[in-house]
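Q: Chains C and R, in that order, are what the protein sequence lines are. So the first sequence is numbered by the numbering used here: it starts at 3 and just counts up by one. So the second sequence is numbered by the numbering used here: it starts at 581 and just counts up by one.
No wet-lab data here; the hints were simulated from the structure. Keep in mind the model is a prediction, meaning the values are calculated, not measured. Note that the Cβ used here is the ideal one computed from N, Cα and C, for glycine as well. A few of these clues could be false.
Below 27 Å or equal to it, Euclidean Cα-Cα: the simulated BS3-like pairs (lysine-lysine) are [to be verified]:
| id | chain 1 | residue 1 | chain 2 | residue 2 |
| --- | --- | --- | --- | --- |
| 1 | C | 28 | R | 589 |
| 2 | C | 28 | R | 650 |
| 3 | C | 58 | R | 589 |
| 4 | C | 110 | R | 675 |
| 5 | R | 589 | C | 100 |
| 6 | R | 675 | C | 100 |
| 7 | C | 100 | R | 637 |
Sample of chain R residues with no beta-carbon within 12 Å of chain C, all distances over it, derived [claimed, not checked]:
| id | residue |
| --- | --- |
| 8 | 663 |
| 9 | 692 |
| 10 | 693 |
Listed next, the stretches of chain C that the computed footprint assigns to chain R, with coverage defined by at least 3 CB atoms under 8 Å from CB atoms of chain R [as the list claims (entries may be wrong)]:
| id | region |
| --- | --- |
| 11 | 25-35 |
| 12 | 53-67 |
| 13 | 103-110 |
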Amino acid sequence: SQQGEEDPQALSIQEGENATMNCSYKTSINNLQWYRQNSGRGLVHLILIRSNEREKHSGRLRVTLDTSKKSSSLLITASRAADTASYFCATPTSGTYKYIFGTGTRLKVLA
Amino acid sequence: NAGVTQTPKFRVLKTGQSMTLLCAQDMNHEYMYWYRQDPGMGLRLIHYSVGEGTTAKGEVPDGYNVSRLKKQNFLLGLESAAPSQTSVYFCASSKETGGNQPQHFGDGTRLSIL
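Build the full structure now, drawing on both the sequences and the hints.
A: Below, the structure written as structure tokens:
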């Protein structure tokens with residue numbers, strides 16, 4: 003498996019519910035980023051969490067990072083139909099400025 | 581402020597033809613990247629650049645060449661297109677300290693090779 007794998011691959015929820023997606027990675031990192039991709043568009047940066055941070059919030063987004071388990075989670079609270087998108091985590095490759103993106107979680111929020 | 585602009589948005593090529601994809605950014609970013617996105621594969625890095633006049637290979641560089649003659653532009657070339665290069669290509673850029681900076685993406689070029 004590759005660095006930065008999201009789980010689940012697909013998630014379908016009702017509007018108003020919370021959505022949680024997870025990312026696992028293999029090597030030590032100094033930060034981890036989450037991105038959103040709407041259908042037919044490029045990726046949009048959501049949040050960056052550094053290795054010395056355990057939790058970070060941005061609006062309805064909450065990201066956690068557990069470096070001991072090499073995992074991160076993205077929680078979207080009170081989801082909206084507009085949150086329907088694919089979500090990717092990205093982790094830097096050791097010693098470089100290159101990032102590895104996972105295959106993403108496809109979130110569908112039903113109105 | 582346009583951000584990252586990719587041209588063209590769509591293109592159909594025949595096997596063996598060549599073409600150049602253009603990426604332009606207006607944020608004065610040092611780092612630029614080319615990725616390809618295939619179903620079930622996520623994003624894979626083709627080539628990247630850490631500054632004007634410099635380029636480096638990524639994960640899947642074979643069959644592609646790049647140039648960064650101007651800081652704001654990053655060109656991706658396919659010398660002899662193959663059906664395996666059918667994909668969606670994304671360009672991204674980030675600030676000088678790229679390791680801890682978000683990447684800004686264009687909306688992609690959808691390329692089909694027949």
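Q: For each hint, tell me whether it holds in the structure or not.
A: Here's how the hints hold up against the structure:
{"no.": "1", "hint": "C:28 <-> R:589", "verdict": "35 Å, violated"}
{"no.": "2", "hint": "C:28 <-> R:650", "verdict": "36 Å, violated"}
{"no.": "3", "hint": "C:58 <-> R:589", "verdict": "35 Å, violated"}
{"no.": "4", "hint": "C:110 <-> R:675", "verdict": "32 Å, violated"}
{"no.": "5", "hint": "R:589 <-> C:100", "verdict": "25 Å, holds"}
{"no.": "6", "hint": "R:675 <-> C:100", "verdict": "13 Å, holds"}
{"no.": "7", "hint": "C:100 <-> R:637", "verdict": "10 Å, holds"}
{"no.": "8", "hint": "663", "verdict": "22 Å, holds"}
{"no.": "9", "hint": "692", "verdict": "15 Å, holds"}
{"no.": "10", "hint": "693", "verdict": "20 Å, holds"}
{"no.": "11", "hint": "25-35", "verdict": "holds (count 3)"}
{"no.": "12", "hint": "53-67", "verdict": "violated (count 0)"}
{"no.": "13", "hint": "103-110", "verdict": "holds (count 4)"}
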